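With the hints as extra help, turn the sequences into a complete structure.
Residue numbers (the numbering used here), protein chains in the order written: chain Y, 461 to 644; chain E, 271 to 558.
These aren't lab readings, by the way, just hints derived from the structure by calculation. What you are looking at is a predicted structure, and each value in this text was computed from that prediction instead of being measured. Hints are all accurate, no fakes.
Cβ-Cβ distance ranges computed for the label pairs, FRET-style: (1) E:M490 - Y:K634: 15 to 25 Å; (2) E:A512 - Y:P637: 17 to 27 Å; (3) Y:P637 - E:T451: 20 to 30 Å; (4) Y:K634 - E:R461: 19 to 29 Å.
Computed list of lysine to any residue pairs in SDA-like fashion (alpha-carbon distance at most 20 Å, straight line): (5) Y:K634 - E:R489; (6) Y:K634 - E:I500; (7) Y:K634 - E:A491; (8) E:K311 - E:L544; (9) Y:K634 - E:M490; (10) E:K486 - E:L462.
Going by beta-carbon spacing under 8 Å, a handful of chain Y positions derived as facing chain E: (11) A486; (12) V490; (13) V602.
Backbone N, C-alpha and C define an ideal beta-carbon position, used for all residues, glycine too.
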Amino acid sequence: MDEEQQKPRIAGSLAFRIASLAILTAVTTVFTSVVRIPIAPTKGYLNLGDVAIYFTAFTFGPVSALITGGVGTALADIISPYAQWAPISLLVHGVQGLVAGLIASIASRAGQRTFNPFWLVAAVAGTVVMCAGYLAGGSLMVGFGAAIAELPGNLLQNLAGVIGAIPLTIAVRKAYPPVSALRW
Amino acid sequence: MPRRRVGRSCGGDAIRESGVSVQNSDRRTGTPAHRFDARAKIVLLLAFLVLFFLPVRIEYLAVLLAVVLTASSLFLGFRNTLRPIRLILPILVLVLLLTPPFNREGRVLITVRQTTVLSMEGLLTAARLIVRFTGITVLFFMFIRTTEPESLILAFRWFGLPFTVALVLSIAVEYIPTIRTIYDQVQDAHRLRLAADSEGCNDGESKRRRHGGFIKRMRMAVPVITSVLILSVRRIPTLAMALECRGVGRANRRTTFRTLKGGSALARDGAIALGVLIVLAVLVLLFP
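Pasting the structure below:
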């Protein structure tokens, strides 16, 4: 069955876009606030919010990644007792998703199930945006000194996002080919 | 912000409750702050935020913080007010330690080999940042705890948020517990499979499968999150058809089942918010 036959009849309609954004936003929120990978040396955790953002950017495109990345992480901040970071997360992760989605769209082929080198470039660009954004926002909130101390954590967070998102995107596309037809 | 993610639970227990009632799991619900109009609360929140960022004297910021803490203790209880402060204590310690090295102007307090290590300006800047961040944290905590998600979205709509964006927000909030349940079920299924696979293995091998380095943990998480993503994404066409059946996307004017209060109640809350704004503005002018 080719991509056109797989494409849902209502893909691209307003209702479809609302449904797509809402579900992906909820996924990003859950991945940010619930799904955790322990880091043994520091007894800390990394969340998989960036994995969800990059997956959305690679699979659904820049607009979806902008909205779900920003709103999803802001909702996660609101749900957790860190609501003061919600406005910064909304802006920073939204732009991160947008930049990653725009770069990943270059030379992307619908239904591609193999590695696209532009995904790596997109993830690096997203990392730069995210780290710079949180450095600026953190400087405003807690001062430059404390904000720069967060930089290694942000880099590790994004590294986890890159390591997780690329194989995840390939795995989802192989296991569920119609996902490519849901892009709008 | 990774600090909230590294080494700290991020509200996972809160999401186990229904997504709509996450913000109102606090026992106090009938206080004036809970009944206060969400639109007026947004205006007050923005006003206090602006005040915390103004270049005023630190004594003024400390009074502002005291006002916020008092209000939060009155409406939410003292123990609940301490919760967000306890969570940000490591960040506050970082601010105290790392701000003075980047602010070494002013009266010198400590020098090491003719290099200024600590100055009065650095201490004051650190204190200002600590007071500001604590105040903002408690402000947001109080705002979220006393406002229902529906009221918040309706308030944003009143301020001009488009209907489609509000719909995305409310559906997303409703789906958070669903996605969480999917994740729990898939994780349990994978754990059971891992346990079944390791039945024939010795203890060391089964432990090695369960634990391991960070890369190994990420690799073990990929099947779980792949399944969660596929199960979530498969719901999109069904949800879209349900929305189309309910008329989303048509040109007819939308109505809502629930609306924010208007008339005298709104006028009263608006007047209170305006009064507070005027008082704060006068205080800022009197104590520059």
